[in-house]
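Please put together the full structure from these sequences, using the hints given.
Chains as they are written, first to last, in the UniProt record's numbering: chain X, 1 to 295; chain S, 1 to 295.
There's no promise every hint is true.
One copy or any two copies: either way a pair holds, since identical chains are not told apart in the list.
[Unchecked claim] Below are the DSS-like pairs computed for lysine-lysine, each with C-alpha atoms no more than 30 Å apart in a straight line:
id, residue 1, residue 2
1, 79, 12
2, 196, 154
3, 105, 249
4, 154, 194
5, 150, 279
6, 21, 249
7, 32, 196
Hints in this document: simulated from the structure, not taken from any laboratory.
Number of protein chains: 2
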Amino acid sequence: MNKMVAKLLDGKELSKEIRNKLKQRVTVLKEKGITPKLAVILVGEDEASKVYVHNKHRAAEKIGIETIDIKLAQDITEKELLLQVRKYNEDDSIHGILVQLPLPKQISEEKVTCAIAPEKDVDGFHPVNIGHLFMNNPHSLPCTPHGIMKFFEKYELPIAGKNVVIVGRSNIVGRPMAAMMLNNDATVTITHSKTKNLSEFTRQADILIAAVGHAAFIKKNDVKPGAVVIDVGMNRNDKGKLVGDVEQKGVSEVASYITPVPGGVGPMTIAMLMEQTVKFAERGVQIGNRKVSNG
Amino acid sequence: MNKMVAKLLDGKELSKEIRNKLKQRVTVLKEKGITPKLAVILVGEDEASKVYVHNKHRAAEKIGIETIDIKLAQDITEKELLLQVRKYNEDDSIHGILVQLPLPKQISEEKVTCAIAPEKDVDGFHPVNIGHLFMNNPHSLPCTPHGIMKFFEKYELPIAGKNVVIVGRSNIVGRPMAAMMLNNDATVTITHSKTKNLSEFTRQADILIAAVGHAAFIKKNDVKPGAVVIDVGMNRNDKGKLVGDVEQKGVSEVASYITPVPGGVGPMTIAMLMEQTVKFAERGVQIGNRKVSNG
Chain X
1 MNKMVAKLLD GKELSKEIRN KLKQRVTVLK EKGITPKLAV ILVGEDEASK
51 VYVHNKHRAA EKIGIETIDI KLAQDITEKE LLLQVRKYNE DDSIHGILVQ
101 LPLPKQISEE KVTCAIAPEK DVDGFHPVNI GHLFMNNPHS LPCTPHGIMK
151 FFEKYELPIA GKNVVIVGRS NIVGRPMAAM MLNNDATVTI THSKTKNLSE
201 FTRQADILIA AVGHAAFIKK NDVKPGAVVI DVGMNRNDKG KLVGDVEQKG
251 VSEVASYITP VPGGVGPMTI AMLMEQTVKF AERGVQIGNR KVSNG
Chain S
1 MNKMVAKLLD GKELSKEIRN KLKQRVTVLK EKGITPKLAV ILVGEDEASK
51 VYVHNKHRAA EKIGIETIDI KLAQDITEKE LLLQVRKYNE DDSIHGILVQ
101 LPLPKQISEE KVTCAIAPEK DVDGFHPVNI GHLFMNNPHS LPCTPHGIMK
151 FFEKYELPIA GKNVVIVGRS NIVGRPMAAM MLNNDATVTI THSKTKNLSE
201 FTRQADILIA AVGHAAFIKK NDVKPGAVVI DVGMNRNDKG KLVGDVEQKG
251 VSEVASYITP VPGGVGPMTI AMLMEQTVKF AERGVQIGNR KVSNG
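Here it is, written out as structure tokens:
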């Protein structure tokens, strides 16, 4: 028996490495009198959102990023929320603005997303930032797919010319992921709930990215031997355990690399949010002998 | 011998049909005191650009769209061009603005594209419009892929669940085409110069879209029997004849539908430019019992 066992792409370790580097960049910024500052707006009492927002504050604090904690009532009007966003748009001491989604029904998420100044849009969800990304001229990148790209960098996994298959076409993962892979010269296929014979596509993938939101949706037989498998899922199974979109045990026997759940993609998302905030704070600042102008 | 012969997707006929409908919509607008108005900016003396711009003026005139013909010197500064664009942005009588590309070297095409007010961006090239398209909330659509979508509507060719393969990843055809097909529930693969074993992808396509810019690049063996083949190419072969990216004679023996070159995609592009201009002029106007608010 010679069972192949996939190497783990360790998001805990990699995100720690990234956060340590960010800490140093923040120190340099502070020496120049600049403290990176992130405004985090939470509307209402959604429990999951509260946890996410808490984790973002904590991650920021550890790196030295200052956060502003804005908690608004569930019944706030759209107009009031937009006024808040504009206030932080105009405040030069704020480098990043984040409005935690989902929002209550009376508020248009699209309007709020579009109201955030693109140069402070740390989530990379503003249409103009999505547009720049799809035109291969990225300014701000959605955090989850950006975090996934970091695995390929760190583990030196080639992308150019590879057959990348993405399962799921959401605006925050599937679509921007496709753009990033395409911008890195992969051949990219986007599959989704309307795809026929899904397995025929996934079985041809050199790089398979599952972002579908169904526990253990991708099975061993769906994966090409030697593929790199990225599991974006965060689902609770019937025993209440956190599981991914990939049946990890079986798929690990055929894949060459796999992101575990938990400890894979998850920790990378927040790390990328922090990196984007630091990048925005660095903009226009002289660091060493270079003036940083990246968006 | 039972050679299948692909049916032609007739762009000349379809674009005429669309232009006739637009003529009626313009008449309605004029009865309400509104004349759709398109500003066309041409910089320099590029011969191909002159022809394109001339054709756009002529098409507009036939439909009843008024055009403003702005011809600027080859050595104009970026600043001067941006001032012109802003002038038309602020002019409420202008519904659409188009800057013919390519631009001279001293001018950033990106800056100029971004300077056009998104609500007057008839080409659909502004990053915010590309972003809206990729987020499945289109406001203004790039004309060539939009024209291609019209064939599927007219000939009632299903898209949902089909395997669509696009050859070429330009910002004006390949990428927005991918978004439109994905938004219509196709499974979409984007291939390009770095794709390995291209033929393996194209041979699986139910719908194959060639936008690569090489004469007769796609051959009979690259096409699945019964596929719908869209030929976006406009190349001169060694005899000076206008030919597409698809080897039309051979591919016609296996495809179910094909766009000819000339007379396929080409005429649709200008028709879509006209439609976008009319749409923009209709915005906010009461037509029949509906108030038009489409972007």
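Structure-based check of each hint:
no. : hint         : result
1   : 79 with 12   : neither (39 Å within a copy, 49 Å between copies)
2   : 196 with 154 : between (34 Å within a copy, 24 Å between copies)
3   : 105 with 249 : neither (40 Å within a copy, 56 Å between copies)
4   : 154 with 194 : between (34 Å within a copy, 22 Å between copies)
5   : 150 with 279 : within (16 Å within a copy, 43 Å between copies)
6   : 21 with 249  : neither (33 Å within a copy, 59 Å between copies)
7   : 32 with 196  : neither (56 Å within a copy, 48 Å between copies)
Going through the hint list in order, the structure does not satisfy hints 1, 3, 6 and 7.
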